[in-house]
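Quick note, the sequences are listed as chains A and B, same order.
Numbering-wise (my numbering), the first sequence opens with residue 1 and increments by one.
Numbering-wise (my numbering), the second sequence opens with residue 1 and increments by one.
FYI, nobody ran anything at the bench for these hints, they're computed from the structure.
Small disclaimer: the values here were computed from a predicted structure and weren't measured.
Idealized CB from N, CA, C, for every residue including glycine.
Don't take each hint at face value.
Stated by the list, open to error - Derived SDA-like pairs (lysine to any residue); straight-line CA-CA distance at most 20 Å:
#, chain 1, residue 1, chain 2, residue 2
1, A, K77, B, T119
2, A, K127, B, P20
3, A, K77, B, L117
4, A, K128, B, L89
5, A, K77, B, E150
6, A, K127, B, D90
7, A, K128, B, R93
8, A, K127, B, A108
9, A, K127, B, A78
10, A, K128, B, G139
11, A, K128, B, T119
12, B, K85, A, V132
Said to hold, decoys possible - Negatives, chain B to chain A, calculated, CB over 10 Å:
#, residue
13, G62
14, F63
15, R68
16, D157
17, R163
18, W180
19, M197
Listed here are the chains, written in short residue letters.
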Amino acid sequence: MITLVTDRGEVELAGAEAAGEALWLRAEDAEAATGWTLKAEGPCRDGVCVPLPPGRAEAIVRGERLDVAGLWRHLGKPVARSTRGDVWVLGEAARERGAALRSLQAPDFALPDPAGRLHRLSDHRGKKVLLVTWASW
Amino acid sequence: MDSRPGDPLPWIEAARPTYPTLIDRDHRLAELYHMVNVPQAVWIDETGRIVRPAEPAGAYEGFRRMNRATREMPEEVARATAQAKHAYLDAVRDWVRRGPASPYAYDAGAADARLALPTEAVAEAHVLFRLGQALLRRGEQAEGDRWLAEASRRHPDSWCIWRQGAAVTELGLAARPDFWARVDALGDRRYYARINMPGMP
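In isolation and in its complexed conformation, chain B is listed as follows (with noise of 0.2 Å):
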């Protein structure tokens, strides 16, 4: 979920994907899915039947007890945070070996029962952040830039449309203060929801 097309080139360059790597730069993807973080996982079957709907891909809000100067996490935190990842491939490939025999797909009923369902403040939000998107490609940064600070107000759980408008470091990551005084602000909220298995963190 990259506006600027040539942002993801260098990560994609490096990884070599053997699947197709799209460009979403208006996040249509999150609205269509109702997707608020990356990453951001779907699962989808032979007959373009949802068997997971949108949650964390393997992701784990560890990065939080990070210490942000040495950028070093606690050992079980990094462990956990390692176990999600793995498990939740692990899970993927059970899947795709099993198809609806494996315990981590949904069936209808439970898909239907994981789903969440965007409000019609998200719905504006993203209308707002497709204006906002529309006008930076035309060179209207500063009205661009308030349509997506609209976009977030109406969204803020949206961590997608936040970290698109929001200032990067050399990296080119919103990690910068703002970032993590946001974070910071989630108290006890998750930054990455729980993911829905066993022995996820």
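Chain A with its partners taken away, still in its complex shape (with noise of 0.2 Å):
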């Protein structure tokens, strides 16, 4: 059983395959995890495509199944996984974090409250909210 994290949370795969620094989805597993699709023209997500060059295309997608990993990577994200390979985290670039932030929308989240009950940023949408952090330690 493989853990994944993403931006979209935590997820244990059954189906998932890790070799070396590669990490093998099932297309509709990595869709869910990531957002990206396998279409003709490459991997896709948010209406957008990147084609892949035939080396790298043969690298990452085989069949039905999909190397989040070498997209990630491919794509200049960052991608880490524990030393036995059962958990993998894909995370995002500085350059998509930085832009987010320079468009001055304050970006999304979903956390939970102590009992559990998430909350959005994007519910308090019409007031002005103050996001302040603090912690235990």
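If you follow the hints, you should be able to join the two separate chains into one complex; please do so.
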């Protein structure tokens, strides 16, 4: 069982396979976890497709399976995995984080309160929001 | 930004806040808003626009002048600390009342100019931090700690990452000798950046 952590959260994937620096997911699992789908044009997300050069395409796509870690590195996004290859994190590149901030639109998020209820920043549109961080440490 | 959801509960229960209090165990907000310490604040208007990007929430580093044995601060330092906090809260109230007319509200150009942006090393650090946290949750203490340490090395400016992984006192504060040594190593650099408001220390 492989645990995959993305911006969408944490998911356990029975059908995933780690092979060295590659993380092979079934296409539907890749889409659910990352939002990326496999099309004829290449991997696509939110209407944007990334054509892969012939050599790279074969390395990242095999039939209905996608090496999401390979895709991530191709996109210049950070990847981390546990030593055993049972926990993987697919992150966002600094370029994208920075671009989101430079848009000045406060990035949305969903986090639980102590009762486990999810709250989103977008729940509070129409009001001023003061977002303050603190910690017990 | 607490990784063990139980840790902040006594504080939340004592404060009885009327606003939502969220548990951000993987420091997602630090990653999204490029935050490096607590308390930090971001001001967001009714349309979702960032009016003031991440900055210390009225926090001042007077604590560095504290006597570490007696926890006493020189009077003028205690005054400056209190003044910074109250001035920040007054500024927030002014913005709440006056919106864009408040002198504390940045227009888009000023907000953009004040943005601090993450580097690739910072982006990597956040990924390593999340990996470490996931492993700690699975009971993989040694490997989890290693990834947290690596995350801190990639993003040394982040006190959130360092303190979340540090040993804590009986009160749960990451304020043991290693913390003070790291603070001292700042030298003239600030623990909390100076807040861009008139009169802030």
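Now for the hints, and whether the structure bears them out:
no.	hint	result
1	A:K77 - B:T119	holds, 12 Å
2	A:K127 - B:P20	holds, 14 Å
3	A:K77 - B:L117	holds, 16 Å
4	A:K128 - B:L89	holds, 15 Å
5	A:K77 - B:E150	holds, 18 Å
6	A:K127 - B:D90	holds, 18 Å
7	A:K128 - B:R93	holds, 11 Å
8	A:K127 - B:A108	holds, 18 Å
9	A:K127 - B:A78	violated, 34 Å
10	A:K128 - B:G139	violated, 40 Å
11	A:K128 - B:T119	violated, 29 Å
12	B:K85 - A:V132	holds, 13 Å
13	G62	holds, 17 Å
14	F63	holds, 14 Å
15	R68	holds, 17 Å
16	D157	holds, 14 Å
17	R163	violated, 5 Å
18	W180	holds, 14 Å
19	M197	holds, 15 Å
Violated hints, listed in ascending order, are 9, 10, 11 and 17; each of the other numbered hints is respected by the structure.
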